[in-house]
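Number of protein chains: 2
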Amino acid sequence: MNLPGRNINLHISVDCVIFGFSTNQLKVLLIKRAYTNTSGTLSNDHKLPGDFIAIKEDLDLAASRTLEELTGLKDIYLQQFAFFGRPDRISKSMDIAWLTETTGHKIQRVVTAAYYSLINITDTNSDFAIKNNATWIDVKQVPDLAFDHATIITNGLAHLQLTLRNEPIGFELLPEKFTVRELQTLYEVILDCSLDNRNFRKKILKSTYMVQLEEKQSGVAHKPAYYYRFDRNIYEKHKKESLGFNF
Amino acid sequence: MNLPGRNINLHISVDCVIFGFSTNQLKVLLIKRAYTNTSGTLSNDHKLPGDFIAIKEDLDLAASRTLEELTGLKDIYLQQFAFFGRPDRISKSMDIAWLTETTGHKIQRVVTAAYYSLINITDTNSDFAIKNNATWIDVKQVPDLAFDHATIITNGLAHLQLTLRNEPIGFELLPEKFTVRELQTLYEVILDCSLDNRNFRKKILKSTYMVQLEEKQSGVAHKPAYYYRFDRNIYEKHKKESLGFNF
Chain S
66 MNLPGRNINL HISVDCVIFG FSTNQLKVLL IKRAYTNTSG TLSNDHKLPG
116 DFIAIKEDLD LAASRTLEEL TGLKDIYLQQ FAFFGRPDRI SKSMDIAWLT
166 ETTGHKIQRV VTAAYYSLIN ITDTNSDFAI KNNATWIDVK QVPDLAFDHA
216 TIITNGLAHL QLTLRNEPIG FELLPEKFTV RELQTLYEVI LDCSLDNRNF
266 RKKILKSTYM VQLEEKQSGV AHKPAYYYRF DRNIYEKHKK ESLGFNF
Chain B
66 MNLPGRNINL HISVDCVIFG FSTNQLKVLL IKRAYTNTSG TLSNDHKLPG
116 DFIAIKEDLD LAASRTLEEL TGLKDIYLQQ FAFFGRPDRI SKSMDIAWLT
166 ETTGHKIQRV VTAAYYSLIN ITDTNSDFAI KNNATWIDVK QVPDLAFDHA
216 TIITNGLAHL QLTLRNEPIG FELLPEKFTV RELQTLYEVI LDCSLDNRNF
266 RKKILKSTYM VQLEEKQSGV AHKPAYYYRF DRNIYEKHKK ESLGFNF
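Chain order of the listed sequences is S and B. With my numbering, the residue at position 20 of the first sequence is 85, and numbering never jumps. With my numbering, the residue at position 119 of the second sequence is 184, and numbering never jumps.
Calculated directly from the structure, the hints in this document are not laboratory data. Treat the hints loosely; a few may be bogus.
The list cannot tell twin chains apart, which means a pair is met if one copy fits it or any two copies do.
[Stated by the list, open to error] List of simulated lysine to any residue pairs, SDA-like, C-alpha gap at most 20 Å:
hint	residue 1	residue 2
1	K304	S259
2	K302	Q226
3	K304	R230
4	K121	R151
5	K121	I155
6	K242	L210
7	K205	Y274
8	K112	H287
9	K121	N74
10	K157	A223
11	K205	A215
12	K121	I161
13	K304	L256
14	K157	E122
15	K139	Q90
With the hints as extra help, turn the sequences into a complete structure.
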């Protein structure tokens, strides 16, 4: 057994990849890290929302706390998806300097637990984001990032894509009522591909948990489409009864 | 931001849930923890294979190292599936005493990164297991476990079940050639359910990556069945071309 005493300068943090969807873009919530170090060099990059865990704090709670501070949202589903612990993940001089400055400690190694979350952007309180220098940025336009946060986002996106193919989680990102076309666009944007309209409609409408509403779109140039809602109870029931393999 | 200085007595470990399959049982590799503390109380429970990470060691490497020490196997696929970081996960007096005794340090908090792996038991070198007091135990007969290791196994099993429903990973646990019946038994044991024979055969034989061999069983009382093998190349090609949703 290794002597844990060797790990004395070891810290644990949480980082959250918070996905949102608006104007046909998949977005991620990033914090602007504007910081001038002692030699006058300005860091003007971004970072993921995150924090060190407090000594008696559960990791999941640290992640919820971080999310709440930025969005005002409580009780949001956060999914741990990976931890990032490469010994060299703190190596850029700007990152080292920033850590020393903001914590008052010389930090050697941080293992971070990464979480992702799906948020309906319109539910969030933008005052919280503004106060924390946080902005929603298109995942395709992600700017320079601190530490290994670019890798964490790529990894989080891969998890989101995999889950989207296997579970009906896309609805979390849409308003309560939506058209089939809006749902298809969401899938196309997240999976970064184009899907056949007829096949998509056929497949999705076969699902008993897609419930058609009586209301149609209004004020649109084309033929108004029906709105649908997702029924989680029907889905959970269906899932329990299905024992098949999907591969 | 929390002061990471508060986290000074914080350690990181890896724990491995190593699954194997034999005599129609799903098994997990556990280490017997026979230890008498200073007051003479004997701990006679089991623990998962695991270790603290060394200061410059990557988490994935720490997990591979642990696996190799116990099985003699190198380059085995290990999947991180969750981390366990509840502040109270070290609370049983036997666990606290054992940690102090084996490390020479007073350990307050350990966050552990959990990995799982699928092993064909016949490939492993049993000398390594014997030397480390490790034995394969039926997951349904798991004895008393140290720390929160029972929860880690339950969680690892849930991940295994979910992955088995979505990806052809079961083959890792079988010999290179196997019958449809053997494959079905594997699914039934891991998913803890019984599957309809005809449906299973139909579904599985539809997969182009199940390749029938010319060889049949020999020396069996019933009609000898054909052997099959799993073709990973065909599967990977099939996966790339499939863009559908499985839910």
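Provide an ascending list of the numbers of those earlier hints which the structure does not satisfy.
Going through the list in order, the structure violates hints 6, 7, 8, 10 and 15 and respects the others.
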